[in-house]
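4 protein chains.
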Amino acid sequence: MAMVCLSDFEAYAKKYLPKMAWDYFAAGADDCITRDENILAYKRIRFRPRMLRDVSVMDIRTKILGSEISFPVGIAPTGFHQLAWPDGEKSTARAARAMNTCYIASTYSTSALEEISAAAPDGLRWFQLYIHRNRAVPQQLVQRAEALGFQALVLSVDLAYTGKRRDDVRNGFRLPPHMKLKNLEGAFEVCKTSPGDPSVSWNDIYWLRSLTRLPIIIKGILTREDAELAVRHGVQGIIVSNHGGRQLDEVPATIDALVEVVEAVRGRVEVYVDGGIRKGSDVLKALALGAKCVFIGRPALWGLAYKGEEGLQDVLRILQDEFRLSMALAGCANISEIGPHLVQFSKL
Amino acid sequence: MAMVCLSDFEAYAKKYLPKMAWDYFAAGADDCITRDENILAYKRIRFRPRMLRDVSVMDIRTKILGSEISFPVGIAPTGFHQLAWPDGEKSTARAARAMNTCYIASTYSTSALEEISAAAPDGLRWFQLYIHRNRAVPQQLVQRAEALGFQALVLSVDLAYTGKRRDDVRNGFRLPPHMKLKNLEGAFEVCKTSPGDPSVSWNDIYWLRSLTRLPIIIKGILTREDAELAVRHGVQGIIVSNHGGRQLDEVPATIDALVEVVEAVRGRVEVYVDGGIRKGSDVLKALALGAKCVFIGRPALWGLAYKGEEGLQDVLRILQDEFRLSMALAGCANISEIGPHLVQFSKL
Amino acid sequence: MAMVCLSDFEAYAKKYLPKMAWDYFAAGADDCITRDENILAYKRIRFRPRMLRDVSVMDIRTKILGSEISFPVGIAPTGFHQLAWPDGEKSTARAARAMNTCYIASTYSTSALEEISAAAPDGLRWFQLYIHRNRAVPQQLVQRAEALGFQALVLSVDLAYTGKRRDDVRNGFRLPPHMKLKNLEGAFEVCKTSPGDPSVSWNDIYWLRSLTRLPIIIKGILTREDAELAVRHGVQGIIVSNHGGRQLDEVPATIDALVEVVEAVRGRVEVYVDGGIRKGSDVLKALALGAKCVFIGRPALWGLAYKGEEGLQDVLRILQDEFRLSMALAGCANISEIGPHLVQFSKL
Amino acid sequence: MAMVCLSDFEAYAKKYLPKMAWDYFAAGADDCITRDENILAYKRIRFRPRMLRDVSVMDIRTKILGSEISFPVGIAPTGFHQLAWPDGEKSTARAARAMNTCYIASTYSTSALEEISAAAPDGLRWFQLYIHRNRAVPQQLVQRAEALGFQALVLSVDLAYTGKRRDDVRNGFRLPPHMKLKNLEGAFEVCKTSPGDPSVSWNDIYWLRSLTRLPIIIKGILTREDAELAVRHGVQGIIVSNHGGRQLDEVPATIDALVEVVEAVRGRVEVYVDGGIRKGSDVLKALALGAKCVFIGRPALWGLAYKGEEGLQDVLRILQDEFRLSMALAGCANISEIGPHLVQFSKL
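Residue numbers (UniProt numbering), protein chains in the order written: chain Y, 1 to 348; chain B, 1 to 348; chain C, 1 to 348; chain G, 1 to 348.
Some hints here could point you the wrong way.
Pairs count within a copy or across copies, as identical chains cannot be separated in the list.
Said to hold, decoys possible - Within a straight-line C-alpha distance of at most 35 Å, the following computed DSBU-like cross-link-like pairs (lysine-lysine) qualify:
(1) Lys63 to Lys43
(2) Lys15 to Lys43
(3) Lys307 to Lys43
(4) Lys292 to Lys43
(5) Lys14 to Lys43
(6) Lys14 to Lys180
(7) Lys307 to Lys19
(8) Lys14 to Lys182
(9) Lys19 to Lys43
(10) Lys19 to Lys182
(11) Lys15 to Lys180
These aren't lab readings, by the way, just hints derived from the structure by calculation.
So that you can see chain Y by itself, here it is in the shape it has in the complex (with noise of 0.2 Å):
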């Protein structure tokens, strides 16, 4: 079987995982009627593509809070990577560092982000973490990643609780035994179970700022309201995000959120989307939108399910490839001459 676009690795990963591993990585929230209006936002989505501009050379290198990258799309934190593949988060920090672009490492790693870092020491990381109840947990995960040197921290926001995936109810969902979250082990058990504190506010924003001196990243930001409070609040960076839709259903998919989100932003501080993206057309239209970057979830496992840190490159492959393609047919031979006037809504 040629793979040939990301819908090949989809079709290979639901093939050949386990049952269980394959509907929790799919899962939605209720009737995943956002995890599915996701992709189906960017098809009503039209380009208006310019002819005769010289594209000979192309230039699809950008740069996140000052870090280059070969291409505007990086690895979304995702949990549980041994479940698509044994060597897990290592084999994603692998592909994410050969292919020259950001890996997001989950606090729910089934690596250590000691291991993650020693993986691919000199890639470009970023650590998404929770702020748990008890807030050492937090605490000594924000030193250690800052230590690893990771490069900022993503704060999640959008998992006060956890959304209900049906089939991840009905399968009974759990870790299989030999498979640890490394990155809780010992004194955190605890957090296994329950993420995130509900009690959580914007004030905590500021406790996590005099933690580190890391840029912070805000993850799941889904309104202009939400936007301006993160930029008051000093974050450095929004990941627009409705957590692949798998926390509150029929929110709107990310892609439609982003234009209101920019809008609000006004250049302030960097926005990045995730959700949705198949195919590096898709790359185009959020950064035509004012995204600065788009990160991965689910075709980043499929790529590990197909051959680990082979495949994910072979994912990111793809898409660098046709994101490249996209550009030059629609007229632009570098990121910077990507911007609204290429695209438009379609009626239908």
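We have chain Y; now place chains B, C and G onto it with these hints.
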């Protein structure tokens, strides 16, 4: 089979109920467009969830007509509960009481008002009625209900004639001989085949008013004009309802009609809604658009069909859990924080 | 099989009619988009029903061109009724008479005008015609119709050439040898293969006017411009029609075109509509949008195919019952209470 | 099997062509959204037909760049006609000549320009080209085309790189060894794998202009901005095209893009359109929206696949008959009567 969401109960009921009973409960008028629209319309509404609000202490209680209920979901009046479970409305009354919510008993019950009342003496019960051509019928029913501690009257106004439900016609639907319309025994036999009086008009509200000190709620309003008339005729509440799509087909979904009714009422009386509620987030949407409480019809019957009182409690508990989770994930810790800012109508 | 709604008759006809006959009746032009849109467009209209109005005494009679009919549904002109039932148009005429409504007999009948007239001498009959290249043909037909008591002429203007109905081409459709176009025997043989004259223009209305004292109704108007021209040329009525989607495909559904025609006509002449009527509530929608009466084409043929005169009466009776019930549930006790306030176009 | 409409030819070609050839012709880029939208967009346009106009004498001839053609449908440039029929482009040229219309021969023909010219010496032929990196290639091709009596040059500008057509990648599509790119033999072998030069820009139009006295038509414009630039750079015509959805996916359907291009051009040059034409009424819609002529791509290949020259004539004849009939039924007797008043965009 795990009962994870309301669709699981629907599937169970469809599988195990006699076809004639299932068809009767499932029936919609004509092409069933409104019956299905009631559900689809909810799916076109999107949340605008707010992050980083303290939702560690959730309070989902509310009050309807001054009585506290554990969460804003009551049991809508539907007929013939013995078709779903041998103990019929007595089970329904007990389940509502156990979950500390409101049960609107139907005139067309297969248990007598007296039995319903005895099954849950201290439960919050309202009584639904039609104004029959022979005014002695509603007059006697009102007096019985008031004496038995029912706390409000719900007047159905959308059944001047019975809608055309094709499957019922094909099945030649009729109540099995061992079931009785217990509220209409003896002198009231005549009412069994024609529930309402097509000559009833707004002035009859005054007549009903004169019979009782109970609050009067009008059920079946779909337009701003009628909402205004209801308020002017002194009712205490309005249930926006299209009778589950069983009367005039191709009227608007109730969640769409709710918007215009709430706008017209301007807070002068409480507004409720029924029809199409299938998950906790639907309740949240209805409240965001101005409903004080929602009522469920068919899902309650599926719960009864599954395990009687216990099954209906399961249904209510799932809705309650889902509603609480939706609220929290949308950033609301109590009912008063729910408002129109929480939702938007989808472009599609 | 119980005949509960019009779809039941359609299913019967599809099952029992010879394929060539079924295909001919069912045919639409090209991709059949307009044929199907005629039906779908009704489903996008929503009622705004009013409650608590006295609908105990229902009066659904109306008048068209001064003649009373039992309810606002007549029989549209369609050809070749013997393809559906041996007695053909004679059965149609009898059924229309029995139900006290109007039958528009087609020039392309398999019974002669004289036979149709004899079958229902005191029935309300209109006669449909084309203006043939040889003006002697329409002239003679008009004189016969007038002499036989037909009370109006319905001039079809949308058949300059016959539309392309793919199935008819594939089937090599032709009338079975034992059926005759009885109105075009003898000298008029030539007309059988080319119904109209593509050179006909508005001035021919004056010529037709000069031949007869009967009211002239123009059938096939879809635009405000042509509606205005029709009024100016002195017609007494307009049937908004797209020939059941059998002529130019991808013209608007008739219920959509009705709105602009009614607006243009401003009450100066009566406006009727055909196409897509499948249940009583469709009739109510057409009247709410300004039609004085609707005409049914294919459903009448299905009724004939089911049981001839009796089957067509069944179809009409079902429509009548459904129409009366819809009116009552919408809060209208008679035709004069129907108006545009009763409907709204659905957002979807 | 009767060939009644273009879909019949499509079904035939799908059944009888080798899979690799069918896939190549059918291919769209990525998800094939634009390929399919080209067709769907036509179905959202409704006619506003006018009645009682004299359409007895129909004249459907038109002129493009001063040359008369029998009806406003030409053959779009597509490659590799020998994949469809042994005689390849020679058959195409003969069929176009026989039907008295225009054939745009592709650079990527499997017959040489000289052969095409010899097959239909007095036919109206245009020549399509790319500007290759090695400018000697287009220069020589232009000179050959001009010498051979081709009457215009069609410059494709939407193929800076080849679009990603997944099936072609999976199939490892390549021309069978016995077929040759006859126009690119010998010194031009190099061009076979990379048709265009991604550095081409608007200034190259001036260079092309300097080579020839033939009119230059630019093919692949989709925006008003590029339409304005095309006019300013002195082209004689614009073909609104998205390369049959084979280049950048999710650009607008050509019939939608046509509207904005026609508006921008304001009659200064002729505008044509290709993509999605499947029946005569599509041609009428394109003309109503301002196209001077349309060009068909895949349908021409299906005709070739069916019966070579004869099959393509069948396709053109069907389109011609359907176009004439549509015009007549819409009330237009000649091309000059077609205008924007004839169409409206559907609400759905």
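Next on the checklist: Need the list of violated hint numbers for this structure, in ascending order.
Outcome noted: Hint check: nothing fails, all pass.
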